[in-house]
Amino acid sequence: MTDSPLRTTLPNGALLSRLRAWYSADTPNPAKRVQFDRPLTPWLFLLPQLAVVVIFFYWPSVQAVTSSFYIEDPFGFGSTFVGTENYTDALTSSQYASTAMFTAFFCVMVTGLSLGIGLLLAVKADKVIRGAATYKTLLISVYAIAPPVAGLIGMMFFDMHIGPLTDLAAFFGHDLRVGINYWDTAFALITISVWKQIPYNFIFFLSGLQSVPVSVREAALIDAQSGWRRFCDVTLPLLAPTAFFLLVINITYAMFDTFPIIDVVVKDKPANNPITLVYKVYLDGFKGNDIGGSSAQSVILMVVVAALTVLQFRFLERRVHYG
Amino acid sequence: MMQRIKPFDHLILIIGALFLIAPVVMAFMSSTHSAIDIHSNGLYFTPGSDAVGTYGKVLTHRGGFTGDVTGMRMLMNSMIMGLGFAVGKIVLSMMAAYALVYFRFRFATLLFWMIFTTLLLPLEVRIMPSYQVMSTLGLLNSYTGLIVPLLASATGTFFFRQFFRSIPDEMLEAARIDGAGPYKFFIDILVPLSRTMMAAIFIIMFIYGWNQYLWPLLMTTDESFYTLMRGIKSILQVWIGSQIPDYNEAFALAVLAMIPPVAVVVIFQRMFIKGLTESDK
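Sequence lines, in order, name chains X and L. Here the first sequence is numbered in my numbering, starting from 1 and rising by one per residue. Here the second sequence is numbered in my numbering, starting from 1001 and rising by one per residue.
If you are wondering where the hints come from, they were derived from the structure by calculation, not from laboratory data. C-beta atoms are modelled at their ideal positions from N, C-alpha and C, and glycine is treated no differently. Hints may be right or wrong, so weigh each one.
Claimed, not checked - Some, not all, of what chain X presents toward chain L, calculated at C-beta under 8 Å:
(1) PHE56
(2) LEU138
(3) ILE140
(4) ALA146
(5) PHE157
(6) ALA186
(7) PHE204
(8) ALA224
(9) VAL281
(10) LEU283
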């Protein structure tokens, strides 16, 4: 990664000059010193990607915003404009608030645990020599397992009848009832999501660690005797850019990519089970037929993700300077 | 490196590896036992004798758990999804990145932003309107509908753009002196130069396409388009109300669903890590 795609190349100033910059062929810092100068050919190359982006990205995104201002008749007899009612309904409902609270809690737990464990394993794997390749292969292979498969396997482990983890909890005197008890289900969702995400963090932390030059490592070895000191003073600052990047990726993972895990464990029946915001968008839209409400929630989420992504690119940019 | 290695380090690694791998091993071992055995004894850590029967049934039996579709069919659909997505992504994004990096033309900046804005919003947040658009276009229950909309994200384009920018300018200058036009330069020089990158991206994208869940769930009601991920949803729906759920078949389906992507990662480990860490997802 040498720079971020969102680094602005536009000159500061009036809207007019920005528009002119968009229209004109003179990009302030062109990608290449030499470029082909043909008016039509680039369009041919761009056409497929543009078509897909316009039809499957912009069209639905605009539609999400539009339908968030309407209430659709459940029987398909047109829709009524209701202004921001869908938004106020969503934001003031106690159900939305509790879902948002759980999503935040879930994000913190999943991100914290999977980053922490991923880092610990990466530091250890970086240190050992004997068996390093074996550990690496074992730890990485779980990355490729799909979230719904992880959910299915996890569900079996937490099954009230055959699950070994339920037996383990019973051994410690706790009656684990995943799917019925709110916090038991939350515990299962977090465990499965963390399990699935550790390999990703491990890969990035390990490749971050291995890019630290040998000279720096040896200097650190001479300077700091205690391993913990060395970790805090040398390793951690060098890993900070990777960690920032992973932080955003992990939050996005916890918010969106865990959808299949939740779907497999909760199975369309939220009843008294914890769900995340994106799962609520799906439930309200597809199961509840509340298209307006679901769209409004989508738009709220879009704003959150957009903010996260901008943050991510900021960090990416900084990562370059560290690196 | 003159660092002391304590047995403690190995202990942590072993515990970590066990935590990650044990569930997978147990899923596989349990899939070789009968549902009744699992029902009465719990999960297994040792192989059983019912593997052939269970996998045979999951792969070939019609209507075992989904009504009309066989496991073979789902395996094929998942393969089409994974390969189609990976190939589509590479073709579209290489072409788009080529235009953005190597050409001087009007609206280039606007188009650049239009394409890269897609990195902002994951599919999940616009799932409902996307479904409506697909149904308007009549693309529900088709391979086009399964694969093409997922190509809308610009991750690949971003990656190839970075890569093309790192190629020395002299390459183009030399090619132009030799009289190569834009098509010839792309096919004869850029594509061969990008081979390693293409392979790395292919691995990441294949896994991504194979592992898709939410999109196939919404796009397919016709069982002949079901992927393995969609099959997992179905097998769980059948469970509700059954006396002894088909644990063994569920595990077998899970194993089938994870073998190809896990194999790809293990076999092409080096290339996979390169693709992952350099493309930043």
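Consistency of the hints with the structure:
At its closest, the beta carbon of X:PHE56 sits 4 Å from a beta carbon of chain L; the interface hint therefore holds under the 8 Å criterion. At its closest, the beta carbon of X:LEU138 sits 4 Å from a beta carbon of chain L; the interface hint therefore holds under the 8 Å criterion. Of the supplied interface hints, the one on X:ILE140 holds, with its beta-carbon coming within about 6 Å of a beta-carbon of chain L, less than 8 Å. The interface hint given for X:ALA146 is met, as the beta carbon of that residue sits about 4 Å from the closest beta carbon of chain L, less than 8 Å.
Taking 8 Å as the C-beta cut-off, the interface hint given for X:PHE157 holds, the closest approach to chain L being about 6 Å. Given the 8 Å rule on beta carbons, the hint for X:ALA186 is violated: about 19 Å separates it from the nearest Cβ of chain L. At a threshold of 8 Å, the smallest CB-CB gap from X:PHE204 to chain L is about 6 Å, leaving the interface hint in force. With a least beta-carbon distance of about 12 Å to chain L, the hint placing X:ALA224 at the interface is violated under the 8 Å criterion.
The beta carbon of X:VAL281 comes within 7 Å of a beta carbon in chain L, closer than 8 Å, and the hint placing it at the interface holds. For X:LEU283, the shortest C-beta to C-beta distance to chain L is roughly 11 Å, which exceeds 8 Å, and the interface hint is violated.
In the structure shown, a violation is registered for the earlier hints numbered 6, 8, 10, in ascending order.
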